[in-house]
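Protein chains: 2
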Amino acid sequence: EEVEDVLEPPMRERSHIDATLRLNEETKSDDYSATLQRLKKIYHTAVRPLEQAYKYNELRQYEITDGEITSKPMVLFLGPWSVGKSTMINYLLELTDSAHQLYTGAEPTTSEFTVIMHGEKTRSVEGIVMAADSARSFSPLEKFGQNFLEKLVGIEIPHKLLERVSFVDTPGIIENRKQQERGYPFNDVCQWFIDRADLIFVVFDPTKLDVGLELEMLFRQLKGRESQIRIILNKADSLATQELMRVYGALFWSLAPLINVTEPPRVYVSSFWPYEYNPETHKDLFLKEEISLLEDLNQVIENRLENKIAFIRQHAIRVRIHALLVDRYLQTFKDKMTFFSDAELVFNEIVEDPDKFYIFKSILAKTNVSKFDLPNREAYGDFFGINPIASFKLLSQQCSYMGGCLLEKIERAITHELPVLLESIGSGKNPTFPSCDTTGCGEKPKNRYKKN
Amino acid sequence: EEVEDVLEPPMRERSHIDATLRLNEETKSDDYSATLQRLKKIYHTAVRPLEQAYKYNELRQYEITDGEITSKPMVLFLGPWSVGKSTMINYLLELTDSAHQLYTGAEPTTSEFTVIMHGEKTRSVEGIVMAADSARSFSPLEKFGQNFLEKLVGIEIPHKLLERVSFVDTPGIIENRKQQERGYPFNDVCQWFIDRADLIFVVFDPTKLDVGLELEMLFRQLKGRESQIRIILNKADSLATQELMRVYGALFWSLAPLINVTEPPRVYVSSFWPYEYNPETHKDLFLKEEISLLEDLNQVIENRLENKIAFIRQHAIRVRIHALLVDRYLQTFKDKMTFFSDAELVFNEIVEDPDKFYIFKSILAKTNVSKFDLPNREAYGDFFGINPIASFKLLSQQCSYMGGCLLEKIERAITHELPVLLESIGSGKNPTFPSCDTTGCGEKPKNRYKKN
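Quick note, the sequences are listed as chains A and B, same order.
Mapping of the first sequence onto my numbering: residues 1 to 452, in sequence order.
Mapping of the second sequence onto my numbering: residues 453 to 904, in sequence order.
Looking at chain A on its own, in the form it has when it is part of the complex:
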């Protein structure tokens, strides 16, 4: 299969990729989809009803589609232009020099958000088609407008790795370019992908390391997702070792003020392309680093169910808190209203100073809620502006003879059903399955990167 070409260096051996990612082992798709079906059921019976009853989506603009529950882990590639993001994807998916390779080059070549996913045969899918198909988990992207959908492309490829993960290639960041030139909200789109990515590769080219304003902006957007970030110092074999060390140090130096965590990020130093490394360089290190990165990727694949369950559970925790808050607003409103009161005046007073009525404090005190999970109070001003308080019912009235109470159902999902589901896959796999520390299933944010 190797391409004979005098202009290009010989290809590297790539069996370590298949081995590390276990691409030749069959995935236990039965267990996998059974668990996802169960997860979908819990979501629809225990979380969704409360979400709808208290219009959670209007607060967070974060809706969970079935496509999102069943979707594969997403690996997002970010970074300046021409650092080798598309080249890396081509390499991992054996697309280099094929008819369907992502276009690469020394100038900014990727102007689209490109979702690379599994398909029976290679074909591309237009953005408007992807957004229309709710099973694909990209339907929420429609809100960024038709201009953006023209910059969204899907590519289906029958590669084994894509049975396990999807890749998202992004336009390289160009310093000193104006936002409006793009015709769509680039940063908002990035944020959407960042919020959903299971792994975020931020790629750099050591020969043109330039941390400017656009990149600073990007790292502001990455805040809170530090444990998903992996930095890649690509094309590492294009520098002599001493020079590479300087650049490697300078990269940490530049990133330290941008990533506000105590522990340094994991930086992989390697050259992610199919060709032999430059002979005069530290080839051993680069191969080891590539394998370490693949192991990291494999971890995300192995833990995809755990992560998905933890994700739904975290969402459920937020929905419950929201419901408790709206209930408290409503109860306070009802308590304050007399026959002669002006409903609007009374409620405005509550919304403008919720602390006066202990709205948030009471939630913290009465239930097992972490203060880190409370939404900010300003958001509720807007929320009740759109959704009149009178349109909601108290939690105590959200019960039915057959179905029980919505609050009890979501609490049971959080404390019992989802943990049991998590345990079931843990025991089926191996004894050292990730604890709540790593999947973040606890209510308190346990981010090991948190500054203390």
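Don't take every hint at face value.
[Claimed, not checked] Quick list of in silico lysine-lysine cross-link-like pairs, DSSO-like style, CA-CA up to 30 Å: (1) B:K823 with B:K675; (2) A:K283 with B:K660; (3) A:K288 with B:K740; (4) A:K288 with B:K660; (5) B:K507 with B:K492; (6) A:K283 with B:K740; (7) B:K660 with B:K524; (8) B:K861 with B:K823; (9) A:K288 with A:K160; (10) B:K735 with A:K288; (11) A:K393 with A:K55; (12) A:K288 with A:K223; (13) B:K861 with B:K492; (14) A:K208 with A:K143; (15) A:K55 with A:K356; (16) B:K507 with A:K283; (17) A:K55 with A:K336; (18) B:K492 with A:K208; (19) B:K675 with B:K740; (20) A:K41 with A:K371; (21) B:K735 with A:K208; (22) A:K356 with A:K334; (23) B:K813 with B:K845; (24) A:K409 with A:K55.
[As the list claims (entries may be wrong)] Computed list of chain B residues with no C-beta within reach of chain A, every gap over 10 Å: (25) M463; (26) T693; (27) R698; (28) Y727; (29) K788; (30) E875.
In case anyone wonders, no lab produced these hints; they're calculated from the structure.
Ideal Cβ placement from N, Cα and C applies to all residues, glycine included.
Given chain A, put chain B in place with the hints provided.
Below, chain B without anything else, positioned relative to chain A:
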């Protein structure tokens, strides 16, 4: 000369040390001492008189002894305990396993400030002796007390490298130790050496990288001396390359908040001891890094005269500004005094709010003074508390028929004599002698590390 010992690894070849440091070339000591004599003369005739007339030493506690003018460049070794500072000095000076080697070990072994300097034969000099000898440039250390002098040791060794530089070994920093346990002001002593060092090696051990409060304190003391700092990640061959890279990155990550400059510091990754590197490690890199560090050291040796002249010139600039300020205080005082005024009340008013009388502004406006070189105004409150304003004479009265005016003399030294002296050695050496950019001879601080 190699030691045969089954317990220790074989010795490394060390010809690169002699070659890089040009230890086998004779130093042109005639030119060297002639220039220093000329510098001493300029200092004594043009700077010293003004210094004394306006008691500059009482403001800055910074007196320049003849010993300091003629002293060799000083290389200061700082860092946590047991990182290999003494081992590195033993290595560079071929003391390893000799009778006079610095004591090294896995526990904190260096409890003294050890000055290693040239001598005709190997012998040690006690701290009280060093402090008493004004030709040695360490006499100002007496002010740190007798307890400290017991912790100050000199070692004279007839090594060629010590004809060019002196080394200062320091007690390793121990986190969580109380200042008073030492019995002398450790930080003040460190600061004294830091202020005078031509090169500051901050050494780290990659197997126990721990940046704690004591080290944070150290880097606060290093502020303003960023261009003298070189970080050394020592014992680099005790880790596998991937692990070393992690530690190397973590070091930059930890130092970034402590060193407030845009450019990362130069970090040398190597293993500074006489034995062969661990065979499984990146030996090429370590040797290259060692040579780079030696080149750095050689630069300091080559530029020692330039640096010394620049140092005296900077001092002269400060003395001149001080004299101008005292003169202005005095002039303002005289202008405000009437026959009926209370001298103390009048002067207190000036000292308490010098801006009201444009003391500092007038200095900036009338003469070619950079605002970065102005001392802080609070210091003058204390200064005039000890030195009554009436004890000074106006600058216009500091003139004599034969000697001219003190102000004119120092200004001539700053603008003419010292630059000419600098040029004379530059032309004698090679055409690319360091410009004012690197020696800092300009009045504006041109620190390339400055955050902008």
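Going down the list of hints, with the structure as the test:
1. B:K823 with B:K675: Between K823 of chain B and K675 of chain B the Cα gap is close to 19 Å, so the pair holds against 30 Å.
2. A:K283 with B:K660: 27 Å, holds
3. A:K288 with B:K740: 23 Å, holds
4. A:K288 with B:K660: Holds, at roughly 23 Å.
5. B:K507 with B:K492: 19 Å, holds
6. A:K283 with B:K740: 18 Å, holds
7. B:K660 with B:K524: 33 Å, violated
8. B:K861 with B:K823: Answer holds: K861 of chain B to K823 of chain B is near 22 Å, not above 30 Å.
9. A:K288 with A:K160: Satisfied, since the Cα-Cα distance of roughly 23 Å is no more than 30 Å.
10. B:K735 with A:K288: 18 Å, holds
11. A:K393 with A:K55: Status holds; Cα separation ~12 Å.
12. A:K288 with A:K223: With a Cα-Cα distance of about 29 Å, the restraint between K288 of chain A and K223 of chain A holds, given a limit of 30 Å.
13. B:K861 with B:K492: Within the cut-off at roughly 15 Å; holds.
14. A:K208 with A:K143: Status violated; Cα separation ~35 Å.
15. A:K55 with A:K356: Within the cut-off at roughly 25 Å; holds.
16. B:K507 with A:K283: Given pair K507 of chain B, K283 of chain A is violated - Cα atoms ~63 Å apart, limit 30 Å.
17. A:K55 with A:K336: 24 Å, holds
18. B:K492 with A:K208: The hint is violated at about 48 Å.
19. B:K675 with B:K740: 29 Å, holds
20. A:K41 with A:K371: 29 Å, holds
21. B:K735 with A:K208: With a Cα-Cα distance of about 27 Å, the restraint between K735 of chain B and K208 of chain A holds, given a limit of 30 Å.
22. A:K356 with A:K334: 16 Å, holds
23. B:K813 with B:K845: The hint holds at about 21 Å.
24. A:K409 with A:K55: Roughly 17 Å separates the two Cα atoms, so the pair holds.
25. M463: 24 Å, holds
26. T693: 5 Å, violated
27. R698: 8 Å, violated
28. Y727: Nearest chain A Cβ is 22 Å from Y727 of chain B, so the label holds.
29. K788: 49 Å, holds
30. E875: E875 of chain B clear of chain A: closest Cβ-Cβ about 33 Å, beyond 10 Å.
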